[in-house]
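The listed protein sequences derive, respectively, from chains D, B and X. Counting in full-length UniProt numbering, the first sequence runs from 1 upward without gaps. Counting in full-length UniProt numbering, the second sequence runs from 1 upward without gaps. Counting in full-length UniProt numbering, the third sequence runs from 1 upward without gaps.
Derived from the structure by calculation, the hints contain no laboratory data. What you are looking at is a predicted structure, and each value in this text was computed from that prediction instead of being measured. A hint or two may mislead.
Copies of the same chain look alike in the list, so a pair counts if it fits in one copy or across any two.
Below, a list of computed lysine-lysine pairs in the DSS-like style, where the Cα atoms sit at most 30 Å apart [claimed, not checked]:
{"no.": "1", "residue 1": "K226", "residue 2": "K101"}
{"no.": "2", "residue 1": "K226", "residue 2": "K203"}
{"no.": "3", "residue 1": "K226", "residue 2": "K175"}
{"no.": "4", "residue 1": "K175", "residue 2": "K105"}
{"no.": "5", "residue 1": "K175", "residue 2": "K50"}
{"no.": "6", "residue 1": "K248", "residue 2": "K203"}
{"no.": "7", "residue 1": "K8", "residue 2": "K101"}
{"no.": "8", "residue 1": "K8", "residue 2": "K175"}
{"no.": "9", "residue 1": "K50", "residue 2": "K226"}
{"no.": "10", "residue 1": "K108", "residue 2": "K248"}
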Amino acid sequence: MLLEVIRKKHPLILNHANTVTQQHVADGISMLGASPLMSQEQLEIPEMVKISQAVVINIGTLQETTLPELILMGQIANQAEIPVILDPVAVAMPYRSDFVKRLMKEVKFDVIRGNAAEIAWFAGMSSQGQGIDADTRIEVQTSIPKRSAQLTEAVIVQTGATDVITDGKRSWRVKNDNPLLAVNVGSGDLLSGIIGSFAAVTKDYLQAGLEATMLMGAAGQLASAKVHNQPGQLMPALMDQLYAITEKQIEQISEVNEE
Amino acid sequence: MLLEVIRKKHPLILNHANTVTQQHVADGISMLGASPLMSQEQLEIPEMVKISQAVVINIGTLQETTLPELILMGQIANQAEIPVILDPVAVAMPYRSDFVKRLMKEVKFDVIRGNAAEIAWFAGMSSQGQGIDADTRIEVQTSIPKRSAQLTEAVIVQTGATDVITDGKRSWRVKNDNPLLAVNVGSGDLLSGIIGSFAAVTKDYLQAGLEATMLMGAAGQLASAKVHNQPGQLMPALMDQLYAITEKQIEQISEVNEE
Amino acid sequence: MLLEVIRKKHPLILNHANTVTQQHVADGISMLGASPLMSQEQLEIPEMVKISQAVVINIGTLQETTLPELILMGQIANQAEIPVILDPVAVAMPYRSDFVKRLMKEVKFDVIRGNAAEIAWFAGMSSQGQGIDADTRIEVQTSIPKRSAQLTEAVIVQTGATDVITDGKRSWRVKNDNPLLAVNVGSGDLLSGIIGSFAAVTKDYLQAGLEATMLMGAAGQLASAKVHNQPGQLMPALMDQLYAITEKQIEQISEVNEE
Chain D
1 MLLEVIRKKH PLILNHANTV TQQHVADGIS MLGASPLMSQ EQLEIPEMVK ISQAVVINIG
61 TLQETTLPEL ILMGQIANQA EIPVILDPVA VAMPYRSDFV KRLMKEVKFD VIRGNAAEIA
121 WFAGMSSQGQ GIDADTRIEV QTSIPKRSAQ LTEAVIVQTG ATDVITDGKR SWRVKNDNPL
181 LAVNVGSGDL LSGIIGSFAA VTKDYLQAGL EATMLMGAAG QLASAKVHNQ PGQLMPALMD
241 QLYAITEKQI EQISEVNEE
Chain B
1 MLLEVIRKKH PLILNHANTV TQQHVADGIS MLGASPLMSQ EQLEIPEMVK ISQAVVINIG
61 TLQETTLPEL ILMGQIANQA EIPVILDPVA VAMPYRSDFV KRLMKEVKFD VIRGNAAEIA
121 WFAGMSSQGQ GIDADTRIEV QTSIPKRSAQ LTEAVIVQTG ATDVITDGKR SWRVKNDNPL
181 LAVNVGSGDL LSGIIGSFAA VTKDYLQAGL EATMLMGAAG QLASAKVHNQ PGQLMPALMD
241 QLYAITEKQI EQISEVNEE
Chain X
1 MLLEVIRKKH PLILNHANTV TQQHVADGIS MLGASPLMSQ EQLEIPEMVK ISQAVVINIG
61 TLQETTLPEL ILMGQIANQA EIPVILDPVA VAMPYRSDFV KRLMKEVKFD VIRGNAAEIA
121 WFAGMSSQGQ GIDADTRIEV QTSIPKRSAQ LTEAVIVQTG ATDVITDGKR SWRVKNDNPL
181 LAVNVGSGDL LSGIIGSFAA VTKDYLQAGL EATMLMGAAG QLASAKVHNQ PGQLMPALMD
241 QLYAITEKQI EQISEVNEE
């Protein structure tokens, strides 16, 4: 498995972060054994990408003026053949739809991680996205993320009570029903950073998406069991687990099914 | 009471946040049962306000270039008749005074939440504001926040060892002497977000300000009792309480007096 | 010692922060008894510096457009003879090298706090900096930070398993081997803010750097002992210690040697 490779190689993960949740994302990457880099300046992007093993672009607090920076970051990563992960926060909102379309004209994403409403947008389904929350009216069907994967040629990681990981051909479902985690803002952003850490150490991005999602689910379960329905304690407890969890624990805890 | 309405309706609260404390603010709104939206891009403000039930503007890390964005946010909210809350961090500083004056020419605020020095500024009293901290030389008199409410036509929530909530006619005092909370940066910002969550589910903004302040005081007391004089543990413990506290607990714990 | 002076005088510490870690930095300064100010707007810099007792500039998330703001902040502080602290995150990267050179042409720094790779850069040693992490290939020799201090005329605080504090003439080594702390993103940024708090209450910046580093080391040890190898619990536990630790505890715990 890949977790031990991360802990041995300490890959550098360059993040264009959601400014709200960036401390958690940086901590999570660090707890895992990888090393977070956060940059907000286009002039240093070329040299930052050059030393990185993965790039994670999160549009949670996107700004129009940063589009050239994100395109540059993605294009250099594409040329260097290092993985580029997209977290398309609230992409079904009209302005964000337009922003992501412009971004995807210039950058090839290797993995896209979002909730059901966000992922459905990539399949051309126009759900009435309600901000950051998944539209629960979309029934979670593997067919939709599969279609999104086929159209984007990216590995899709769709998160929710059941996570779906697919490259359009093969698909896994990972049970991950963790309401205490869902009430913490940024758990999805954190997973996107973790996916970046896994994709940094393999060329098999489907496997990276699967193992990162299994890790997050198992660590979340262990952490939730410790905090006794106190969600304010969960993020620190989750960090403890990202630091300490073993591959054996992940295998034992995860409920994974290939479809 | 309004807390159960929030937990049933999950209103969307759009925040122009203090970037220092925005993770806590977003988490607090989420723990309460509402849903936080954070935006930093003027181009998406119209559609963001349209789906929101309240708007919270915090000037803790204000930038000159964001003034048009804040005016737009406030004006659209005013037209849509959704509540606009102002957190006037350090408004007695000269540049911030000027900034807020320009903002208030264009936007009507429904609730203003600040410490005694900040609230006194709205009553035309020029205290020598010392950054983010309240000027303790201002004796906390209900007459000052009342005057601020009358001049701004906003509900005033003045926080300190005793909180004052007033619309210029009716006034309440809520005992809330919590030194462990005061030493945590952002507890005021968090309350402003919580006030937004309450104002989102009623047209009675005075009642919203009162119930939000009672909730924060009661949750703060319960959390402080748990952490045994360890202020670093308080914010997670406060989040637990925002998630779990009942209206009955709030009524039992709160020391409220109408004047 | 200076800690009691901070707790009595509550100095204002103005920060140009790393946006990733700014909540921890502000909290740490507050827990200690000082008062954090964070600004991102050049127009208010003159009045902000005027009420502050120290200025801390962290380039962790530097942006080209903020250079004039940082120069203004530093120059006004220099003129007012209040201390200016630099945290030169990843300064060995080419763009950041250039940025810091331009900044240092205009601003005199009184204290510079960084890891071994960052400090070596000021001595003219071009290590291949790997992002935010220290290049462990640099053997930690007191001679390098001494040379950096002589060339910059600043007090140098070099952090690592052993911290080195030097003004180029006198040098101390403080044992501070805390892997749980190192895995938390922002512990260095936090120390820079703490150094600012100490430098705010004395003109002896070497003593300020030494006492701040001893405090951080002792508080980190006490906190680590409490969290039982759970690094996610460490930052809250460290905040508890910054709030509660006594000068007597610091003296008893610290392993300090003058060279």
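Hint-by-hint comparison with the structure:
{"no.": "1", "hint": "K226 with K101", "in the structure": "neither (42 Å within a copy, 49 Å between copies)"}
{"no.": "2", "hint": "K226 with K203", "in the structure": "neither (35 Å within a copy, 41 Å between copies)"}
{"no.": "3", "hint": "K226 with K175", "in the structure": "within (19 Å within a copy, 33 Å between copies)"}
{"no.": "4", "hint": "K175 with K105", "in the structure": "neither (34 Å within a copy, 52 Å between copies)"}
{"no.": "5", "hint": "K175 with K50", "in the structure": "neither (36 Å within a copy, 34 Å between copies)"}
{"no.": "6", "hint": "K248 with K203", "in the structure": "within (23 Å within a copy, 54 Å between copies)"}
{"no.": "7", "hint": "K8 with K101", "in the structure": "neither (37 Å within a copy, 35 Å between copies)"}
{"no.": "8", "hint": "K8 with K175", "in the structure": "both (28 Å within a copy, 26 Å between copies)"}
{"no.": "9", "hint": "K50 with K226", "in the structure": "neither (40 Å within a copy, 40 Å between copies)"}
{"no.": "10", "hint": "K108 with K248", "in the structure": "neither (34 Å within a copy, 54 Å between copies)"}
Checked against the numbered hints listed earlier, the structure breaks hints 1, 2, 4, 5, 7, 9 and 10; every other hint is satisfied.
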